[in-house]
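> If you're matching them up, the sequences are chains A and B in order. Using our numbering, the first residue of the first sequence is number 1, and each one after it goes up by one. Using our numbering, the first residue of the second sequence is number 1001, and each one after it goes up by one.
Keep in mind the hints are simulated off the structure, nothing from the lab. Among these hints, one or two may not hold up.
Stated by the list, open to error - Now the stretches of chain B that chain A is said to cover, found in silico as 3 or more residues with beta-carbon under 8 Å:
1) 1059–1070
2) 1097–1107
As the list claims (entries may be wrong) - Chain A is nowhere near these chain B residues, computed Cβ spacing over 12 Å in every case:
3) 1056
4) 1111
5) 1225
6) 1244
Computed from a prediction, not measured in an experiment: that's the story for all the values here. Glycine included, each C-beta is placed from N, C-alpha and C at the ideal position.
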Amino acid sequence: MATRVTTEPSHEALGLTPEDLRSMYRTMVTARLVDEAAFRLNRQGKAPFVVPVSGHEGCQVGTGWPLRRGQDIWVPYYRDTAIVLLAGMTVYEIFLGLFAKADDPASGGRQMPSHWGSRRLGIMSHSSPIATQVPHAAGIAYAAKLRGEEAVVGCWFGEGATSEGAWHEGMNFAGIHRLPVIFVCENNRYAISVEQSHQMAVENVADRAPGYGFPGEVVDGNDVLACYAAMRTASDRARAGQGPTLIEAKTYRFFPHTSDDDDRSYRTREEVEEAKARDPIARFAALLQDRGVMDTAAIDGVWVETKASVDLQIDQAWNAADPDPSSLLRHVFYEPDDTS
Amino acid sequence: MTEKNVVTAIHDSLHDEMVADERIVVLGEDIAVRGGVFRVTQGFLEEFGEGRVLDTPLAEGLIVGLAVGMSLHGLLPVAEIEFADFIHPAFDQMVSEVARMRYRSNGDFGLPMVVRVPWGGGVHGALYHSQSIEAFYGHIPGLKVVVPSTPYDASGMLRSAIRDPDPVLFLEHKRTYRLIKGDVPDEPFQVPIGPADVKREGTDLTAISYGLMLHVCLEAAVRLQDEHGISVEVVDVRTISPLDAETILDSVRKTGKALVVYEDNRTYGAGAEIAATIAERAMFDLDGPIVRIGGPDVPAMGFATNLEHAFMPDADMVSARMLELARL
């Protein structure tokens, strides 16, 4: 197979500063705390539906970090809480979506939570059907290339998406035209309940990339810097006109698929606990300490400060206005106050 | 004015729009090197280059999905699906993405784009080159579905579709491509999306139709006038969605009789919506039952000439039903 595996690069070699690392860590912690709060609110009956990110924070922050706000395009899927944080969405905005408030930037309370979108931030709107955003990413990348822009497109999905025809079609087209797009598979081994061995005969999703004429790379999705390194190489390639890359980040989701799922029917508790022992956040914290970037007190401080900030923003979002029922009928077609 | 057939009118309008607006990109199967199986994009590759005239892999969901991405990033895609019968793999993109983008984003993301689709029977297309798809998409809020049936309307409505801030499914009846000729202005002009059009005025009965069946109705109307002195008004629906109920209702209120003709399978077809609209809103202006003529409820027309004819309503059948209704 033409698949390369990378792990454990040093941050200096990658051009990351200590402040970059601290900021990456804060983003991961924020995503984790968003999750924990969202599930708590779900149990309190305040949030009807939650899509968890926990376990994926490392691969999201690693692969999202090389993209440039205001220039590059983010094509996420519903588990990408940390990706949209990197793109500039605030915790307040995320909870406006969770509570389905009028000012929810993605949809004004129309879509389920975690169905992201913000034209202002370059986060493309997406739906619930899986992999439909992959041809969009290819089309956006085609447009960027035709218009001579420097923009690259990041497109994220789970390994479940790779069974859809739309995924294959988008990959194939991106390869034909050597488009500036990076496909990132957050492989957590389960398409809700269906384990990888029932999804594909190959060991790695990335093994499919040569079939589309571009490189595939497997990375440890719990190793933030390895994910960053892979994405940095891929985005440099894309910006240089060398075409797409498929990055497969092997990871695990700690919670059920959604708040409506019960993963006890398809995963043993032992398996979940083993995965949690490889928590990307704990691992990154250890690395930061090893390299002298943060000490224990600083790390604890991040959790305390972030939790206070998240709680404050949740309160603000909870007290925001609900959508007016009359808004149900709006924006079917263009209206003069639409932003596009 | 120049006399053109439908396919030439579409070719010329699309060409002129591409000259005028560099954002326009055409994409689809066989549309570049081959110039389209119906020749709508003949010569475009040479003139506009492969960046803007794009042969795609054979994957309809991809074609529509790419167009979504292009539209999201500043291009104005005019996608072609080679035959309506092959659009079904793109149903998810059309329904879940194209139609809902503006709505689901609360007006944050619009999708100006056109999907051109040759449809309809009468060309020995059998089961998979003859289908009608307007009812599938007319049912989806967020899509505009148009069915121009003359060179003038095809030209003017294509220009409107390209300028529309929302996605337009542009249905071109392939039997009309070279069969129907008419005058088209040489200067750019637009025919608005939405309004229906009275193609023939009359007083005794209203026939409501679109596509090839519009021309069948017009022929039948001439026969009724010539042979029986019965005056038939023919309304061209032109836009399936959003439907112009007022023009239809005005005509029906005037004549008191309504006959709806379409070549799709009769049950749940677009004609059913039109008939229901008339029944809801003009019941007491009617002097007879609403007559609905459509294809039979079999999967599709056959390849054999007589099987195809047996499927599609023709002027003999339509004029007989018109006469029946007029004499009630």
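> Taking the hints in turn, state whether each one holds.
Hint by hint, here is what the structure shows:
no., hint, result
1, 1059–1070, "holds (count 10)"
2, 1097–1107, "holds (count 9)"
3, 1056, "7 Å, violated"
4, 1111, "9 Å, violated"
5, 1225, "39 Å, holds"
6, 1244, "15 Å, holds"
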